[in-house]
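Listed here are the chains, written in short residue letters.
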Amino acid sequence: MSSSFLHPDRLFPQDSHTRSIARDLFEQVTALPIISPHGHTDPEWFATNQPFQDATSLLLTPDHYVLRMLHSRGLSFDDLGVPRRDGGQVADGRSAWRLFASNYDLFLGTPSRLWLDHALNWGFGISEPLSADNADRTYDLINERLSDDALRPMAILDRAKVDCIATTEFALDPLKHHGALKEDGKIGRIRTTYRPDDVTDPDHPSFLANLTGLGELTDEDTFTWVGMINAHRKRRAFFRQHGATATDHGVPDAGTADLPETQKQPLLDRLIAGPITATDAQLFRAQMLTEMAGLSVEDGMVMQIHAGVRRGTDPVVLASHGPNLGADIPTRVSPAQGLEPLLQRYGHDKNFRLIFFCLDEAVFARELAPMAGYWPALHLGPPWWFHDSARGIARYLDSVVESAGFMNLAGFNDDTRALLSIPARHDVWRRCLCAFLAELTTQHVISKSEAEKLAIYLSSEAARATYRLPAKG
Amino acid sequence: MSSSFLHPDRLFPQDSHTRSIARDLFEQVTALPIISPHGHTDPEWFATNQPFQDATSLLLTPDHYVLRMLHSRGLSFDDLGVPRRDGGQVADGRSAWRLFASNYDLFLGTPSRLWLDHALNWGFGISEPLSADNADRTYDLINERLSDDALRPMAILDRAKVDCIATTEFALDPLKHHGALKEDGKIGRIRTTYRPDDVTDPDHPSFLANLTGLGELTDEDTFTWVGMINAHRKRRAFFRQHGATATDHGVPDAGTADLPETQKQPLLDRLIAGPITATDAQLFRAQMLTEMAGLSVEDGMVMQIHAGVRRGTDPVVLASHGPNLGADIPTRVSPAQGLEPLLQRYGHDKNFRLIFFCLDEAVFARELAPMAGYWPALHLGPPWWFHDSARGIARYLDSVVESAGFMNLAGFNDDTRALLSIPARHDVWRRCLCAFLAELTTQHVISKSEAEKLAIYLSSEAARATYRLPAKG
Amino acid sequence: MSSSFLHPDRLFPQDSHTRSIARDLFEQVTALPIISPHGHTDPEWFATNQPFQDATSLLLTPDHYVLRMLHSRGLSFDDLGVPRRDGGQVADGRSAWRLFASNYDLFLGTPSRLWLDHALNWGFGISEPLSADNADRTYDLINERLSDDALRPMAILDRAKVDCIATTEFALDPLKHHGALKEDGKIGRIRTTYRPDDVTDPDHPSFLANLTGLGELTDEDTFTWVGMINAHRKRRAFFRQHGATATDHGVPDAGTADLPETQKQPLLDRLIAGPITATDAQLFRAQMLTEMAGLSVEDGMVMQIHAGVRRGTDPVVLASHGPNLGADIPTRVSPAQGLEPLLQRYGHDKNFRLIFFCLDEAVFARELAPMAGYWPALHLGPPWWFHDSARGIARYLDSVVESAGFMNLAGFNDDTRALLSIPARHDVWRRCLCAFLAELTTQHVISKSEAEKLAIYLSSEAARATYRLPAKG
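Protein chains in written order, with the working numbering: chain A, 256 to 728; chain B, 256 to 728; chain C, 256 to 728.
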């Protein structure tokens, strides 16, 4: 076993005294239940509870972090077994796994490496890094174990102590699997999230068709502003019946608007008439964020905004293999200016809560922490995506705590598509959180008992409280 | 006493060897006199030297850092005893103090906590954190002590070893309290600062009235460019008679301009004629910065620019309770491009000195440190506002020293409205400075004797030298 | 000898255990050969191999880092012996050296201090910091030693174990010295780099004349798009004959374009007809980057982009003493959006490689590391210029490794004009690299043997591989 492979003190501070404090803190939080209030796991897994297929389709082909890195070194998505949109031939699972395993050193120093090591060990008892040498052996071992009941989706949730997990579905989604989960009494543990980007983003290729579909689903005239908002109102209620306590909104920037009533219908009319201008698309997205905030005031759903990603920057791969393969690149956001219309309208409302996420670290200390430390409605989402990593977490805590305090933080989100990365990601968050709190303790900024309380709160309870989840899922 | 409450080693490095160096350095600087060349204390305190009223009006209601955090967790400004603009009823001092004390844990990890602990201990001998349990006891204790002569404003300055403190007044201010201080022979220790935003910012609601007032005060025709500049010249002289060695300019961005003479009067004419456009307002502010630099070349006053804050982002609270309650949010600035016209005109002038402050940390390493390491006139202001904190100071020193060196730094400003936070803030700066210098010493980048000289210089003397204050106030 | 003067453990981590790991790693890399694939040394030095003149012209007047800092404290370029453009009198070498030496403390905490100490010790055996006291002694000592054969340019390369060094020449450069080096069989060890900014930047004062010159040199009609590209093709081949494996492009921002063929000639025609608009100048630079990428696909030359510097912000000094005296200030760049057209066209091409450099640290974690971790063609250049420093390197590695991995990094560039700073700069990089890897080892993110492999690779081999240099220069 490699001396660094999942060492019990991994990610703890270098200084031995501080490290021992971190270890003490971590012991108190490592076994706490996992609250996973935002993510992209597939509800079918939980509804059908069928075994996963094989190592490659479980661990490699759905993991855009891993695929992007292999692609960056010249490996082709075909050779990595990623399905082609044209149905053409790609490598079989074993070949793809061999390629992955023999390039495993590319992940040194990256969060993928920590997550994968953890998943391989946690799920399959593997205790050495993947390599060309063990590729076939690990492939066979994983495939064999996958038929164990203990590795079915619900058993994984049990063993990982996942009290509650939220998936994310678009506004038109029939929530078929959540319907089945509801019949099984599993809503509460498994929940959906209302993400209406399919009908709020005029740049969506099927925007108008989707808007029409929304009208049909809800028996509303969604070509009128009032009907459209009412349709959202109904879909939100439907999603709440399937466990949703939150909405989520993916937007290219942090812009919001608060238009006078008289300008809303004309904006919608222009979009319907087409052609859709960039200005109107932006304005509609901005206005819809404020509309969604208004509906949150009504129905109490927690609003999430994930802002600032340039999606699909590689049209060739988008055409050949689809989205979510690593070509989404973060960009600059301006939340102080952008969120102002929304916050001025609803930022004091006790029923409103907004959790904001972005990938522009420059705004954490400059804008977001001061804002979260002022507006009652605003909480800061944890480090997202590329920054959900040891150093990303360290930079985040360094940047936000002094101005936002600890209690305006939303705890942790794993935000993952990879089921087995859930315990791994929460493990990393808890370790890095304990490291940060241990440093504050060594520096006598907080006492050890204060550090313990904060470690416990931010490991698990903060997410439950922030997302208004009931005390037990 | 909580083990973390004002521990003598607080904020020092984790590594024990480095910590002992930091402790040695700090021993050499902890008792040095305080130079406070920029801040917002009330000159009336020093002119009348009357006792402070009570705990709440001393420590809670004037502290926008504290109020904002309590507000962010849903507490109302009314319940916190913040006076309403409409004179309506708000909580009495004791009720407000109880609310504050029982929410004291919200400040864990924030600079407010360090400053408050320090002030409570330094001023009143309190040696435990505030809490619901001790709220009444501490309230009574503080109120009782406030009648001691040792807690009158001038006695506080004496005990804190404040050699010199500058307040900040607008251009039209009659400097009544500084006049009284002058008669008492206290100018030199107490000084004013010329901050003409009331007559240089066309977005000020009373801009034109103020400009008229400036003309009346100075017997100049301030509707002509020449007269307006001459009026500033006279007011600067008046402020210098009341101790001012510096001017200060609060601007939304770092833009400066250097217009040809022929365009100045037409710009002023357009502002007077109205309506004032955003472009002209911005251009006037930009040009006035360069005009002020020109006057600094003439009269030797040190020029400060505080750039990049979006003020009053919460109009509801602005209307109900006024400004400075936490809704001012930092934004991006572009000093490389913005300051170029001003620096190209005056950046080499030996009589000119500009100290620049902003809250956009992204420009420290990228723009400001390279600029300060080139232009003779430019010095870097210390970490400001949200960044006047342990981690803010660490990030600042990490970002600027390598490109700007130590000698282009302006030392420390407490920039506070809270008298009792002055010793606390200088204590934090000195600790963090010593921590940084100790790390450089452990890493053999500088020797311990070099670290000592730098610690001593940057704790006190740098501010005096940068602001051209005489050797003894 | 000052206790901090070139301490063998300098720049290593504070924690003693981690420091000992860093020391072990450093022992493995300190003697590795230096690959210097990008820089600005003078090829005449290597072609003629004449001794350097004196201490001042070797160490002071060509070093813009040093000159800028002295200038920032009010010293004049005349007094520092910097030649005037008008041929006017400036201080002699000894006077300038005295001024420099007596202000040596200004460099405390800056990379210049580390580089200078290293160069003084490495080249001349000096073992104390410069000072007013030793100014004359060190000046005489250096001048005396400069006549030793061991301090001729080629001997310096030998002793510093520089396997390969690339200079940088503009497109019209006749490569006279490289021609001489070629006859001497030294191409391979000394190489040129193709930097065609003189004919690709319409804001260059001699742009049209240069374009005409390019046509004459290549026998192409460079006023036609096809002819102009063909002229580049020929010059690139000529540069390759003189060792070039790479091109370099200095641009004010990261913008690229991919115009339809029909728009290219009209763009060129507008530039030739003049007056040149800012929009056309920007568009031409943007398009030419993509054209150069296309030529790299053809000929395999590695493309470098250095983006985001505001050049010559001090026109007074530019007029009196010329460029490269410290008034070049970094600015913001937007690589995600800017590089998109180029990467969408060539980012997957196996023959194409792009190394990107900028000075806007905010984009490292946000944009560049995610991009380098996706696009096969894109590698990240090391910390450049102001960020080629202990803390700059630490921030760089902290920001990029988790998303880009180690294998998408281009190793190290010294990028220097100062020959004696080459071993110093590689020493600093290697120390800081080992410090980072030691920290990852202590935190059990990587094993010590993995750290060793990475330290060895990134100290030397990574640069060779990334720049497609043959195994032995």
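Hints should not be assumed to be uniformly reliable.
The list makes no distinction among identical chains, and a pair is therefore deemed to hold if it is satisfied within one copy or across any two copies.
As the list claims (entries may be wrong) - For lysine to any residue, the following SDA-like pairs were computed, each having C-alpha atoms within a straight-line distance of at most 25 Å:
#	residue 1	residue 2
1	605	344
2	703	262
3	416	390
4	437	360
5	489	443
6	708	387
7	605	573
8	708	265
9	489	354
10	605	331
11	605	341
12	431	286
13	605	536
14	441	300
Hints in this document: simulated from the structure, not taken from any laboratory.
A quick look at each hint next to the structure:
In this homomeric assembly, residue 605 and residue 344 come within 25 Å of each other (Cα to Cα) only across copies, at 22 Å, whereas the closest approach inside a single copy is 55 Å. Proximity of residue 703 to residue 262 under the C-alpha cut-off of 25 Å is found in both arrangements, the shortest distances being 24 Å within a copy and 13 Å between copies. Neither within a single protomer nor between protomers do residue 416 and residue 390 lie at most 25 Å apart by alpha-carbon distance, with minima of 30 Å and 40 Å respectively. In this assembly of identical chains, the alpha carbons of residue 437 and residue 360 never lie at most 25 Å apart, being 43 Å within a copy and 40 Å across copies at closest.
Proximity of residue 489 and residue 443 under a CA criterion of 25 Å is satisfied intra-copy only: 20 Å inside one chain copy versus 69 Å between copies. Within a single copy, residue 708 and residue 387 get their C-alpha atoms only as close as 45 Å, which misses the 25 Å cut-off; across copies the closest is 18 Å, which meets it. Taking the shortest Cα distances, residue 605 and residue 573 sit within 25 Å of each other only across copies (19 Å), while inside one copy they are farther apart (42 Å). Both within a single protomer and between protomers do residue 708 and residue 265 lie at most 25 Å apart by alpha-carbon distance, with minima of 22 Å and 20 Å respectively.
When the C-alpha separation of residue 489 and residue 354 is checked against a cutoff of 25 Å, the pair qualifies neither within a copy, at 48 Å, nor between copies, at 40 Å. Within a single copy, residue 605 and residue 331 get their C-alpha atoms only as close as 51 Å, which misses the 25 Å cut-off; across copies the closest is 11 Å, which meets it. Proximity of residue 605 and residue 341 under a CA criterion of 25 Å is satisfied inter-copy only: 23 Å between copies versus 50 Å inside one chain copy. Taking identical chains as interchangeable, the C-alpha atoms of residue 431 and residue 286 are never at most 25 Å apart, the minima being 33 Å within one chain and 64 Å between chains.
In this homomeric assembly, residue 605 and residue 536 never come within 25 Å of each other (Cα to Cα): the closest approach is 30 Å inside a single copy and 37 Å across copies. In this assembly of identical chains, residue 441 and residue 300 lie within 25 Å of each other by CA distance solely inside one copy; the values are 13 Å within and 65 Å between copies.
In this structure, the hints that do not hold are numbers 3, 4, 9, 12 and 13, in rising order.
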